[in-house]
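Novice: Sequence:
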Amino acid sequence: MTVKRFMTVGQWGIKVPKSKGETFRRYLLGSGGWCPNLKPVADGDFLIFPIVSDGIALPDELGCNYDIGRYEFESRERGREPARHELIGGIAIMQDDDPAEAESLLKSRPSIHTVLHCESPVFGEYRIKKFKVLAGVETTRTSYIEYNNRFTIDLAVAYFSARLANERQRVLGLMKEGERVLDMFTGVGPFPIALSKKASVIYAGDINPGAVGLLCENLRINRADNVIPMLADALDLDGYLAPHSFDRIIMNLPMTSTAFLKTAFSLAKTGGVIHYYTLQSEKGEMLPVLREFTSGRIDEKIVRSYSPTQHHAVYDIVCE
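Take the position in the sequence shown, starting the count at 1, then add 1211; the result is the number in the working numbering.
For the record, the hints were derived by calculation from the structure and aren't laboratory data.
Some hints could be false.
What the hints assert, rightly or not - Below, simulated EDC-like cross-link-like pairs (lysine to aspartate or glutamate); rule was C-alpha separation at most 20 angstroms, straight line:
no., residue 1, residue 2
1, K1473, D1458
2, K1387, E1297
3, K1473, E1503
4, K1480, E1503
5, K1480, E1390
6, K1473, D1527
7, K1340, E1388
8, K1250, E1285
9, K1341, E1330
10, K1231, D1254
11, K1318, D1308
12, K1318, E1349
13, K1340, E1297
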């Protein structure tokens, strides 16, 4: 008889009671702390999960004692690569309308409860997409964790992208304590909730009632009591908010945000910063437009690739 031997690898691991195993598993998967190429280990009444480092941040609400140390883990056998997809919480979004591949993906990823196919680009005044359920639970709603912040997401109700997670942390790193912030197109609240840790107050507006409803739910979940939600058209914000002015303004509406620049500059303090997000084909494409509003410093950064011919960019604009 041939005995099949498995290679083990030394890696950082976190040891938790089995009763808390599912809670920790979901958190590690959602936060990027899990090592996907290694298998968890059962040790009596405990589970040991492979993690990326010993410095992983764990929120207090996980609620139990745990130990972090070096352990031996079994490598996962590599099989067929799953279909290309974007993962948001427990939902995988596939590019292709392929139910059989969706079922395979669902079985290969225990953290996924639903596989969707996106049937449309962003459309309409409320900036939503149309989805089709290919496999799993019939829902477009899920929970999502980003840098210890927790969100309820409904993809059919309000647009959301996890791909700006690092960008939100970059902006947080630029902030000073006590800033007044305006998010003109807030969606379900990822920017204001991330920035609430440093801001004195954040006004967070959106024209989509469904998005504002989810924003209010997410503010409660994260106890972000310095964020003021607003159901409002961004073009009317100067009328609602004047004479208030802001140290920092977020303009994340990349396809049509140019129309709102006049409003943003009217609400920015002298020396304040506007983070203007746009889709463009060439570097510096929006500089001539932005120079019509300020002579201050403008720094440009590519956030991510969007298509073969376009990229998602941010301009950090100092208002003078």
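Novice: Look at each hint and say if it fits the structure.
Specialist: Cross-check of the supplied hints:
Using a Cα cut-off of 20 angstroms, the hinted pair K1473 and D1458 holds, with the two alpha carbons roughly 16 angstroms apart. As the CA atoms of K1387 and E1297 are separated by approximately 33 angstroms, the hinted pair breaks the 20 angstroms bound. Using a Cα cut-off of 20 angstroms, the hinted pair K1473 and E1503 holds, with the two alpha carbons roughly 10 angstroms apart. Distance hint between K1480 and E1503 is fulfilled; the C-alpha atoms sit about 17 angstroms from each other, no more than 20 angstroms.
A threshold of 20 angstroms between alpha carbons decides the hint, and for K1480 with E1390 the separation of about 11 angstroms falls inside it, so the pair holds. Of the supplied pair hints, the one linking K1473 and D1527 holds, its CA atoms being roughly 16 angstroms apart against a limit of 20 angstroms. A hinted pair counts as satisfied when its Cα atoms are at most 20 angstroms apart, and K1340 with E1388 does not qualify at roughly 36 angstroms. With a C-alpha separation of about 6 angstroms, the suggested pair K1250 and E1285 falls inside the 20 angstroms cut-off, and the hint holds.
For the proposed pair K1341 and E1330, the alpha carbon gap of about 5 angstroms is at most 20 angstroms, so the pair holds. With a C-alpha separation of about 14 angstroms, the suggested pairing of K1231 with D1254 holds against the 20 angstroms cut-off. Restraint check for K1318 and D1308: satisfied, since their Cα atoms lie roughly 17 angstroms apart, inside the 20 angstroms limit. At most 20 angstroms may separate the alpha-carbon atoms for a hinted pair to count; K1318 and E1349 meet this at roughly 16 angstroms.
With a C-alpha separation of about 14 angstroms, the suggested pair K1340 and E1297 falls inside the 20 angstroms cut-off, and the hint holds.
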